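With the hints as extra help, turn the sequences into a complete structure.
2 protein chains.
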Amino acid sequence: MSFTEYPSRLLENAVNEFSTLPGIGRKTAFRLVMSLLRRNSEDVRKFGESIIKLHEEIHYCRVCNNISDDEICSICNDNKRDRSIICVVENIQDVMAIENTHQYKGVYHVLGGIISPVDGIGPSDLKIDSLEERVQSGGVREIILALSTTMEGDTTNFYLFKKLSRYNPLITTLARGVAIGDELEYTDEITLGRALNNRNPYQQS
Amino acid sequence: MSFTEYPSRLLENAVNEFSTLPGIGRKTAFRLVMSLLRRNSEDVRKFGESIIKLHEEIHYCRVCNNISDDEICSICNDNKRDRSIICVVENIQDVMAIENTHQYKGVYHVLGGIISPVDGIGPSDLKIDSLEERVQSGGVREIILALSTTMEGDTTNFYLFKKLSRYNPLITTLARGVAIGDELEYTDEITLGRALNNRNPYQQS
Numbered sequence: 001m002s003f004t005e006y007p008s009r010l011l012e013n014a015v016n017e018f019s020t021l022p023g024i025g026r027k028t029a030f031r032l033v034m035s036l037l038r039r040n041s042e043d044v045r046k047f048g049e050s051i052i053k054l055h056e057e058i059h060y061c062r063v064c065n066n067i068s069d070d071e072i073c074s075i076c077n078d079n080k081r082d083r084s085i086i087c088v089v090e091n092i093q094d095v096m097a098i099e100n101t102h103q104y105k106g107v108y109h110v111l112g113g114i115i116s117p118v119d120g121i122g123p124s125d126l127k128i129d130s131l132e133e134r135v136q137s138g139g140v141r142e143i144i145l146a147l148s149t150t151m152e153g154d155t156t157n158f159y160l161f162k163k164l165s166r167y168n169p170l171i172t173t174l175a176r177g178v179a180i181g182d183e184l185e186y187t188d189e190i191t192l193g194r195a196l197n198n199r200n201p202y203q204q205s
Numbered sequence: 001m002s003f004t005e006y007p008s009r010l011l012e013n014a015v016n017e018f019s020t021l022p023g024i025g026r027k028t029a030f031r032l033v034m035s036l037l038r039r040n041s042e043d044v045r046k047f048g049e050s051i052i053k054l055h056e057e058i059h060y061c062r063v064c065n066n067i068s069d070d071e072i073c074s075i076c077n078d079n080k081r082d083r084s085i086i087c088v089v090e091n092i093q094d095v096m097a098i099e100n101t102h103q104y105k106g107v108y109h110v111l112g113g114i115i116s117p118v119d120g121i122g123p124s125d126l127k128i129d130s131l132e133e134r135v136q137s138g139g140v141r142e143i144i145l146a147l148s149t150t151m152e153g154d155t156t157n158f159y160l161f162k163k164l165s166r167y168n169p170l171i172t173t174l175a176r177g178v179a180i181g182d183e184l185e186y187t188d189e190i191t192l193g194r195a196l197n198n199r200n201p202y203q204q205s
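Quick note, the sequences are listed as chains A and B, same order. FYI, in the working numbering the residues of the first sequence are 1 to 205. FYI, in the working numbering the residues of the second sequence are 1 to 205.
By construction, these hints were calculated from the structure, which means they are not laboratory data. For clarity, every value in this text was computed on a predicted model and none was experimentally measured. There could be a bad hint or two in this list.
As the list makes no split between identical chains, a pair holds if one copy fits it or if it spans any two.
Keeping only pairs whose Cα atoms sit at most 30 Å apart, straight-line, the calculated DSSO-like set for lysine-lysine is [said to hold, decoys possible]: (1) 127 <-> 27; (2) 27 <-> 46; (3) 53 <-> 27; (4) 80 <-> 27; (5) 162 <-> 105.
Below you can see the structure in the form of structure tokens.
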């Protein structure tokens, strides 16, 4: 649908805004806007304000850069979490993914990206200094590098290792191996090779 | 993802709001919200306000109930449109669809739905009285019933015909036939039968 064919400028604006969202085309945007039009003003105001408030009132944790309602995020504030283990991740989605496993009781450090020369992202663009300060200030026993298994991830891992090893904490990465539910014949050779080298004694689970 | 796992209440609210939209699940909602978080406040404020303004400042044309920025919509205001022909449609999308054909130079009347006992929608729930007034006030030569070819559409067509024929305007419906580009073998028999009965003298196009 071309612009001129919208019966209302306000409608057009809303559709334009929605179609700036990832994966939302103009037709979907129009459908979403029409569904909002059918609601009562109260709902729609709540919708619009939730977006505005999100951006204006959200905090990023002073300690780990995780998204938060307060200066310090709920995880860093939680005394039951082991502050001597820091899990370094790329973004907030990764924190949520790891939290969903309910396996991790340490704290996090969100880099806000990974080193990617192609995208012009260097160490200085990431929250690496604040990570170093945390390690420097002592009390950190282990640093888990939980970044993507991509070249950028490996580069960042290497950079962090070089930078942090001088404070000699234990630096670990996530185990590489065959994913649960994967069939061997469809597993790529690099993963399979790593899984073979890092094989573990069999234990009944 | 369950609620409790969101690191922020504000984030959760925004995700909840987005996931109330049709066809938007919680994961997509989260992705959309994160994409908004990456934008600057100015953009996000514009986004939120476009939604709120849409609902609070939008008008429905006093004449045809089309969506509009003013009391009277741009089509009813357009002196080049033939006000003696009224095309009766179900909703605003239909107006836009017909406008996109660039074939129609008359005006519209948006019913805001069709008679559907199943959904508890009766004539009184639709903008039928205002349509009757328009016809009653005279100057209407033709009424085109452009409703869906469903049972509800047919019911509404019949009701409108009964109600409006007393003012004896010409009452027409959209031609039924084989859609352009359709293959006969895949055309349903009812459409094909109608197309056969309403066959036209061949003309080179």
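Right, here's what the structure says about each hint:
no.	hint	verdict
1	127 <-> 27	between (39 Å within a copy, 26 Å between copies)
2	27 <-> 46	both (24 Å within a copy, 20 Å between copies)
3	53 <-> 27	both (27 Å within a copy, 20 Å between copies)
4	80 <-> 27	between (48 Å within a copy, 29 Å between copies)
5	162 <-> 105	within (26 Å within a copy, 73 Å between copies)
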